[in-house]
Each structure stands twice: as C-alpha cells, then as structure tokens.
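Trainee: Single-letter residue listing:
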Amino acid sequence: MNLIEELKSKFDKEILKFEQKKAKRVYIDIDPKNIIPFGSYLFNKPALRFMIASGMDTRSGIEIMYHFSDDSTGVIITLRVILTNKEKPEIDSLSNIIKGTNWIEREMHELLGIIFIGHKNLKHLILPDDWPKDDYPLRQKERK
Amino acid sequence: MDKKCVIPIGPFHPLQEEPEFFRLHVDGEKVTGVDIEIGYNHRGIEKLSESKTYDQGLFLVERICGICSCSHPFAYVNAIEELAGIEIPERARYVRSLVGELERIHSHLLWLGLAGHFLGYNTVWMWSWKYRELVLDIFEKISGNRQHYGAMKVGGTRFDITGEDIGWIEKQLDELLPAVDMFKGAVMDDPVIHARTKGVGIITAQDVKDYGAVGPIARSSGVAIDVRKDDPYAAYGLVDWNIVTMNTCDVFGRAGVRILELYESIKIIKQCLAHLKTTPGPVDLNIKDIPPGEGIGRHEAPRGEVVHYVRGDKTNSPTRHKIRAPSYMNIATNEKSVIGYNVSDALIILAAADPCYCCTERIAVVDAFNRKMLMNGNDLIRKSQEKTKKLRSRKFGVSSS
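Heads up: the protein sequence lines correspond to chains X and D, in order. Mapping to this note's numbering: the first sequence position 71 is 71, numbers consecutive. Mapping to this note's numbering: the second sequence position 245 is 245, numbers consecutive.
One thing to keep in mind: the hints can contain errors.
[To be verified] Using 25 Å as the maximum straight-line C-alpha spacing, the simulated DMTMM-like pairs for lysine to aspartate or glutamate come out as follows: (1) X:Lys99 - D:Glu46; (2) X:Lys21 - D:Asp35; (3) D:Lys314 - X:Asp29; (4) X:Lys86 - D:Glu294; (5) X:Lys133 - D:Glu46; (6) X:Lys133 - D:Glu87; (7) D:Lys47 - X:Asp129; (8) D:Lys288 - D:Glu87.
[As the list claims (entries may be wrong)] Computed footprint of chain D on chain X; a stretch qualifies when at least three of its residues, placed anywhere within it, have a C-beta under 8 Å from a C-beta of chain D: (9) 6–17; (10) 22–32; (11) 51–57; (12) 96–103; (13) 121–128.
Since the hints were made in silico from the structure, they are not lab data. Heads up, the beta-carbon is just placed ideally off N, CA and C, and yes, glycines get one too.
Go ahead and model the full structure; you've got the sequences and the hints to work with.
Mentor: Below, the structure is given as structure tokens:
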C-alpha cells in the first residue's frame, strides 16, 4: 500500500478535502486541531522530510500549508489548515515534534500574527525587535 | 573564577552571502552553546514579488543570492510552469541544466577556497579561485555576465548555446578537470586536513531528519537526497549521473561531497553539450498568460534544495510567493554541530554549512562581565591557521614559514 492510500485509510474521517493536482503533488485539507496527529504521523515516516510551511492571508482566514517531501518518490504532500478567527489565529506548534519547524513558526508568528501554542521561543526571527506590535507585514490590508 | 565568555560572530561581512549572527558561548576554548540570529538583511522579497509580474519576479528572485543566482529563478520557473501546466522544449531543458551545473561548479570552488583559507591553506584558496574563473568566463561568453545570467524564463530560456560556443565550453571543461583532480588530492589525501576536519562538527542522519537539512550537509551524513534525482526536472532525468554521498557526518565529508560533485557536474554538462549539438528546436515557448492556480517548484542548488510555492489568481502576478532557501534549514543545524568543539574549530564548522562564513573581521571576543575586548576576527583566523601549522610540524617536521 502506498503512502497516499495509507493516509486515506488511516485518517478517513479527519481529511476534509483530498486533492491530487498532479501525479506528484497532493494537497490535503485538515482541521487545525488535527495538526499534531497528522504532522507527527507524516514526520515519523522514514522517507518523509519536512520541507517548509507557508502562511497566507486569504478571505476565508489565515491559511497555513505544511509541505512534506517524500524523497523516495518525489511526491510532495501538503497539509492545509485554515484558521478562521483572523482576530486571534491559533494553532498547536509542531516545533516540539519537528525541530525544523522552529524558525518557520517564529517567522509566521511575526509576519502573520499566528499564535503557535506550545512554541517555546516565539521571539522575532527576521523583523527587528522594536517592530510595532499588531502590525503584521504579510496580512492583506485595505489600500488607503 | 568563572571564565565563561560570549563570542559574537557576524552579522555583516562583504564575503558573506547572507548576514547572520552567531553568539558562541564559550568556556575557555570550548564552545558550550550557540544562539543564531538571522534577519539582518531581510528584504521582504516575498511581499515585493506580489507587486511584480511573473516575468519581473524572475529578475527579483535572481537577486536573492549573488553566488547561486540562477537557483531561485530555476525553482521559480519550475513552480510557475507547474501552476500553468507548461512543458518546456527539450533544447531548453539542456540549456537550463547546463547553467545550473556550471553554477554548482563555481559555487563549490568558491566554498573550497574559503575553507582552505580558514584552515591556513591559502594556496588552495588561490588555486580554486583561479580555476573558478574558467567557469565565470563561460558564463560571460554565453550570457554576457559573470553573475546574474538571466537564463531562466517561463516556458524556456532567454538564450541558446550554439555553434562554436559548444566546442569552446568543452575545451574549458577539459582544462578544469585536471584542476579538480588536484583539489581532490590536496584535500582528500592530506593528513593534516584529515586531522583538522575528521570527526569535527558531527551532524548525524537523525539530526538531518530533525532539522530538515538538505544538500551536501545531508549527503555527507549518508542521507542520499537530491531533488535532481528524486523529482527530476529540466534535463536531469535525461542524462546519466550519480548522487554523491559520504558517511563521515563531519566537515571532511562535507568537503568530500562537494569536491566529488564537481566531477558529476562536469559529466552532466558534457552530456548536455552533446545533446545540444543534435537536438533541434526553439528554447522558448513565448508564454504570455498564466492561469490561476498553485504550484511548487524545486531546484537542487549548490547548497541544497530551493523551494518556491506560488499561488496566482487571474492577474499576471502571484498572490502569494513563498521562498525557502536551503540555508534556512541548514544554518539551524549549527546548534548541533558546533557545541563541544574548540573555538579554533568553530570557524570551519560554521563554514562547512556553506554560508561562506567569512565574517571574521566582525568577530570579537568580549568578556561578558566587564565588556572588555579580548580577541578580534584576525586573531580567530590566526588561531585556526596556527592549529594547522602545529599539526603539520608534528606530522612532517615542517617548521612554520
């Protein structure tokens, strides 16, 4: 059984939407509260590598994509979560399971204002320390 | 008496590609901790890209890095072509791979020179930079520039390589090959370099997994990952080559992987040139419109995998453009590799991640309690070079000269 079939059967109820855009690109929408079981399941597969996460401000909420690469087949599996509460977007931190998420979570915290619950050190990574509070550069703003 | 000190390294130096700041906590000569800070030169390119067209964006991302200036455009065109479902002409595939591999050669030679300088082998530095010129001459001839070649374009490449140029590039590579043999001998067979680099800066395969490290760092720890093989693009699936791995997990392995990769790159370029002689066709499809959608593009840059994620609506610029450079994952491994070693080894360990770590003029050892300057960057280079000299005289009885 290949990895995608395995994922589908194991997390049958938790997968909100499954989309295979190309043979090697898989996008899976999940509920933000399931990020820890999904993230740790994928990370603990020997062939899977955490590539990066990317956050985005969309109309429906703050969207986070976690990209995992299967280096044995070249498939990229992207977990997509949407945090609908734009005032206070919160999600569990993966940094205690995957060390490689430490920096990118800090970056998303400062650029998009996402709060990663359980992250041990959410200080600024790329913005200066005196950057104004509540001003998130990657949030979409109305042009004045 | 407590002898704990903090050594700040960075953040700026002209020889560094990316400014970064390491705060080494030392107890006497021994490194006991490291804080890493980045963001000193954050240019907001992801945000800037949202206001550029796809075509302008290529020039923008080309300027992210000066050393591997075609890596980011390479990954970006891969992402846009995935988004739009474009298949590029076969001839363009060979030109793209050729440019990508030439860049790997010059980047690895640049690193080798710097590593040699840190270890006190200034001859290695001078020679490797001398032979790097052969590659830069090729770039100047085919693109008009030594750096920032502007080769990539959505749907193909901006220039073709034809006629006399093909034979001339082959000649240049033939000239380079004996130099690579020489470097291999100089680094891989030298007992003093072995003593300085073997067992130093250990990063295990588990650390590679934990931190998501890529490129020569992963491959020197026995993790055979290479996007060119795992998810082939351009001409990498059409030519014959091998992934180079080593199992030493140390600085020696990282140097070895880079040197052996030079041979593979030359092999790829020669095959691309042979195909360019026989493959007809255009190198560009003249793409005008990009449909809405999303795509992920990857390229194996000299330092590891570059990832670009692009999402577009119906306009001709992206709504989100996420960029991840390999160093973003690799630099974080320094908190594993540098702790427990001597200050004189710290420099080469940090350099082995290939952020071309030469911010040494900025180094100063400061007494953390009374803020007194104890040592500066030149002292640190001197310390590293002295260690090599001492080892050399112990092994060969060569007096310092």
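Trainee: Now tell me if each hint is right for this structure.
Mentor: Comparing the hints with the structure gives:
1. Only pairs whose Cα atoms come within 25 Å are accepted, and X:Lys99 paired with D:Glu46 is accepted, the gap being roughly 24 Å.
2. The hinted pair formed by X:Lys21 and D:Asp35 fails the criterion: a straight-line CA distance of about 40 Å is larger than 25 Å.
3. The straight-line distance between the Cα atoms of D:Lys314 and X:Asp29 is roughly 23 Å, inside the 25 Å bound, and the hint therefore holds.
4. For a cut-off of 25 Å, the pair hint linking X:Lys86 to D:Glu294 stands: about 23 Å separates their Cα positions.
5. Restraint check: the Cα-Cα separation between X:Lys133 and D:Glu46 comes to about 21 Å, which is no more than 25 Å; the hinted pair holds.
6. With a CA separation close to 45 Å, the supplied pair X:Lys133 and D:Glu87 exceeds the 25 Å bound.
7. At most 25 Å may separate the alpha-carbon atoms for a hinted pair to count; D:Lys47 and X:Asp129 meet this at roughly 20 Å.
8. In summary, the hint linking D:Lys288 to D:Glu87 is supported, as the alpha carbons are separated by about 14 Å, within the 25 Å threshold.
9. Look at the region 6–17 of chain X against chain D: 0 of its residues bring a Cβ nearer than 8 Å to a Cβ of that chain, fewer than three, so the hint is violated.
10. Counting residues of the region 22–32 of chain X whose CB lies closer than 8 Å to any CB of chain D gives 3, which reaches the minimum of 3, so the coverage claim holds.
11. Figure legend: the region 51–57 of chain X, annotated as covered by chain D; annotation consistent (4 residues with Cβ-Cβ distances under 8 Å, at least 3 required).
12. Under a criterion of three residues with beta carbons nearer than 8 Å to beta carbons of chain D, the stated coverage of the region 96–103 of chain X is upheld, 5 such residues being counted.
13. Residues of the region 121–128 of chain X lying with their CB closer than 8 Å to a CB of chain D number 5, which satisfies the three-residue condition for coverage.
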